[in-house]
Amino acid sequence: MQVAKDMVVSMHYTLALDNGSVLGSSADREPLQFICGHGMIVPGLEKELFGLKTGDRKKVTVQPQDGYGLVNDQLIQTVNRDQLPPNLELEKGMFLTGQNKQGQQFDVKVKSFNDTEVVIDMNHPLAGEVLHFETEIVDIRKASPEELDHGHIH
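Counting from 1, one number per residue, gives the positions in the sequence shown under my numbering.
No lab work stands behind these hints, which were simulated from the structure alone. In this text, a Cβ means the ideal position worked out from N, Cα and C, and glycines have one as well. There could be a bad hint or two in this list.
Unchecked claim - Within a straight-line C-alpha distance of at most 27 Å, the following computed BS3-like cross-link-like pairs (lysine-lysine) qualify:
1. Lys53 to Lys109
2. Lys5 to Lys59
3. Lys109 to Lys92
4. Lys59 to Lys142
5. Lys47 to Lys5
6. Lys5 to Lys142
7. Lys142 to Lys58
8. Lys53 to Lys5
9. Lys58 to Lys47
10. Lys47 to Lys142
11. Lys5 to Lys92
12. Lys47 to Lys59
13. Lys111 to Lys101
14. Lys92 to Lys111
What the hints assert, rightly or not - Computed Cβ-Cβ distance ranges for the label pairs, DEER-style:
15. Leu96 to His38: 25 to 35 Å
16. Pro145 to Asp73: 40 to 50 Å
17. Gly93 to Thr54: 35 to 45 Å
18. Arg29 to Lys53: 14 to 24 Å
19. Ala4 to Asn87: 49 to 59 Å
20. Gly20 to Asn80: 31 to 41 Å
21. Pro43 to Leu148: 12 to 22 Å
My request is simple: use the sequences and hints to build the entire structure.
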């Protein structure tokens, strides 16, 4: 059986950046499971897995546009510090949780700040990064009709 659309794939992986820092690995955990062809994993990784078989290993480099996207400068904004809680101790690189007018929550990263303004970045934390995956396909099976209908693995 091969990795193809509508297949449940179980895969071990290690994810690293260009600088060699490892961001995640399933080595000491259960393998990652996803339904192939349904946007459950990074698009650039998913397309490179098609056709692999159980036991296959593959190293995949994913460019930003096929991963978490390029950095969108419009998502980097300056806000007045008085829009934040008064006793909040800011640190460069920390994440804050914001909320839009519809009540949806989202994370923003503090890029810089001074006494009156805070520069926040609403891009995905891995936007603009080249991603390096080492993968091993552990198992492949057909997704059940219920899994396809519900959009997740049972």
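Cross-check of the supplied hints:
For a cut-off of 27 Å, the pair hint linking Lys53 to Lys109 is broken: about 39 Å separates their Cα positions. For the proposed pair Lys5 and Lys59, the alpha carbon gap of about 20 Å is at most 27 Å, so the pair holds. With a C-alpha separation of about 8 Å, the suggested pairing of Lys109 with Lys92 holds against the 27 Å cut-off. The straight-line distance between the Cα atoms of Lys59 and Lys142 is roughly 24 Å, inside the 27 Å bound, and the hint therefore holds.
For the given pair, Lys47 sits about 10 Å from Lys5 by alpha-carbon distance, which is consistent with the 27 Å threshold. Between the alpha carbons of Lys5 and Lys142 the distance comes to roughly 9 Å, so the proposed pair stays at or under 27 Å and holds. This hinted pair checks out: Lys142 and Lys58 have alpha carbons roughly 21 Å apart, not beyond 27 Å. This hinted pair checks out: Lys53 and Lys5 have alpha carbons roughly 13 Å apart, not beyond 27 Å.
Between Lys58 and Lys47 the alpha-carbon distance is near 12 Å, which keeps this suggested pair within the 27 Å criterion. Between the alpha carbons of Lys47 and Lys142 the distance comes to roughly 18 Å, so the proposed pair stays at or under 27 Å and holds. The hinted pair formed by Lys5 and Lys92 fails the criterion: a straight-line CA distance of about 42 Å is larger than 27 Å. For the hint pairing Lys47 with Lys59, the CA-to-CA distance comes to about 13 Å; that is within 27 Å, so the pair holds.
Distance restraint check for Lys111 and Lys101: the Cα-Cα separation of roughly 23 Å lies within the 27 Å cut-off, and the hinted pair is therefore satisfied. A distance of roughly 6 Å separates the Cα atoms of Lys92 and Lys111; the hinted pair therefore holds under the 27 Å criterion. Taken as a hint, the range 25 to 35 Å holds for the pair Leu96 and His38, whose Cβ atoms sit roughly 31 Å apart. Roughly 44 Å separates the CB atoms of Pro145 and Asp73, a value that falls within the hinted 40 to 50 Å.
Separation of Gly93 from Thr54 is about 40 Å and conforms to the stated range, judged on CB atoms against 35 to 45 Å. In this structure the supplied range 14 to 24 Å holds for Arg29 paired with Lys53, their Cβ-Cβ distance being about 23 Å. Between Ala4 and Asn87 the beta carbons are some 54 Å apart, a value that agrees with the proposed interval 49 to 59 Å. Between Gly20 and Asn80 the beta carbons are some 39 Å apart, a value that agrees with the proposed interval 31 to 41 Å.
In this structure the supplied range 12 to 22 Å holds for Pro43 paired with Leu148, their Cβ-Cβ distance being about 19 Å.
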